[in-house]
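Taken in sequence, the protein lines are chains A and B. Mapped onto my numbering, the consecutive letters of the first sequence carry residue numbers 1 to 80. Mapped onto my numbering, the consecutive letters of the second sequence carry residue numbers 81 to 246.
It is worth saying that the hints were derived from the structure and are not from the lab. Here the structure is a predicted model, which is why all the values come from computation and not from measurement. Possibly wrong hints are sitting among the right ones.
Some but not every residue of chain A turned toward chain B, in silico, with C-beta under 7 Å [stated by the list, open to error]:
| id | residue |
| --- | --- |
| 1 | Ala9 |
| 2 | Pro41 |
| 3 | Tyr52 |
| 4 | Ser72 |
Label pairs and their computed distance ranges (CB to CB) [claimed, not checked]:
| id | chain 1 | residue 1 | chain 2 | residue 2 | range |
| --- | --- | --- | --- | --- | --- |
| 5 | B | Gly111 | A | Ala17 | 39 to 47 Å |
| 6 | A | Ala17 | B | Val141 | 24 to 32 Å |
| 7 | B | Val150 | A | Glu13 | 41 to 49 Å |
Every residue gets a Cβ at the ideal spot worked out from N, C-alpha and C, and that includes glycine.
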Amino acid sequence: VRLSVRLFAGLRERAGAERVEVDVPEDATAADVLRALDLPPRACVVAVNREYAGPNQRVRPGDEVALVPPVSGGAARWRA
Amino acid sequence: MSEAPDGPGAAPDGAAAATDRGPVRHVAITGDPLDAGALLACVSDPRAGAVVLFAGVTREVAALDYEAYVEMAEPYLARIAAEEAARHALSAVAVAHRAGRVALGEPSVLVAAAAPHREAAFTGARAIIDRVKAEAPIWKVEEGPAGRVRVGGMLPSPPRPSPTSP
């Protein structure tokens, strides 16, 4: 199954594109999408149909799939 | 112009009509400058004795440049607003977040929370801005003397697979 995956922020800049195409098995999960793109599990969260997905959530053809790297809304930085 | 829906005769009880609107009065991600007065007007409510407005403002750097996954972030902000309104018994809430370049001193995010009393208004507004920063698919880059620097952030947590009792 070929999926079109939306990219944002640093992932988008590194890829030089707003989307990437990725081939995954028929019964693929969110974790499979990250694996197919050579991304470690903590690099980003997969969003499926505009909801954050756990690693075991199925991804089906026609789903809107996006990679959400660490978010930084609001005006201030996160302080350690 | 036809009669306003909450005008005389439209609802037997004016207070009930106001309640029926639900607490989330306005949610937006916009490229336009944020208007604090307009957001405060959104949370005007006859039950509210306290209104808190939080403004997150660009500081120290020339500008912050925001990117949002708008199709997901806008409904997500609405969900945060609705959940925290219920948790803190807020009468009305409104959230607005900028996209694009926000210059030094300008607000990039506004949260307005109205409640019967000030404690709920403060804690509710605080809970909303904390969750917006940690969960909404929004990113920023600092524009300073060293050029553009991407700001690190928080990895949002997916919802727990099995619901637990409250």
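Going down the list of hints, with the structure as the test:
{"no.": "1", "hint": "Ala9", "verdict": "4 Å, holds"}
{"no.": "2", "hint": "Pro41", "verdict": "10 Å, violated"}
{"no.": "3", "hint": "Tyr52", "verdict": "4 Å, holds"}
{"no.": "4", "hint": "Ser72", "verdict": "3 Å, holds"}
{"no.": "5", "hint": "B/Gly111 / A/Ala17: 39 to 47 Å", "verdict": "22 Å, violated"}
{"no.": "6", "hint": "A/Ala17 / B/Val141: 24 to 32 Å", "verdict": "28 Å, holds"}
{"no.": "7", "hint": "B/Val150 / A/Glu13: 41 to 49 Å", "verdict": "18 Å, violated"}
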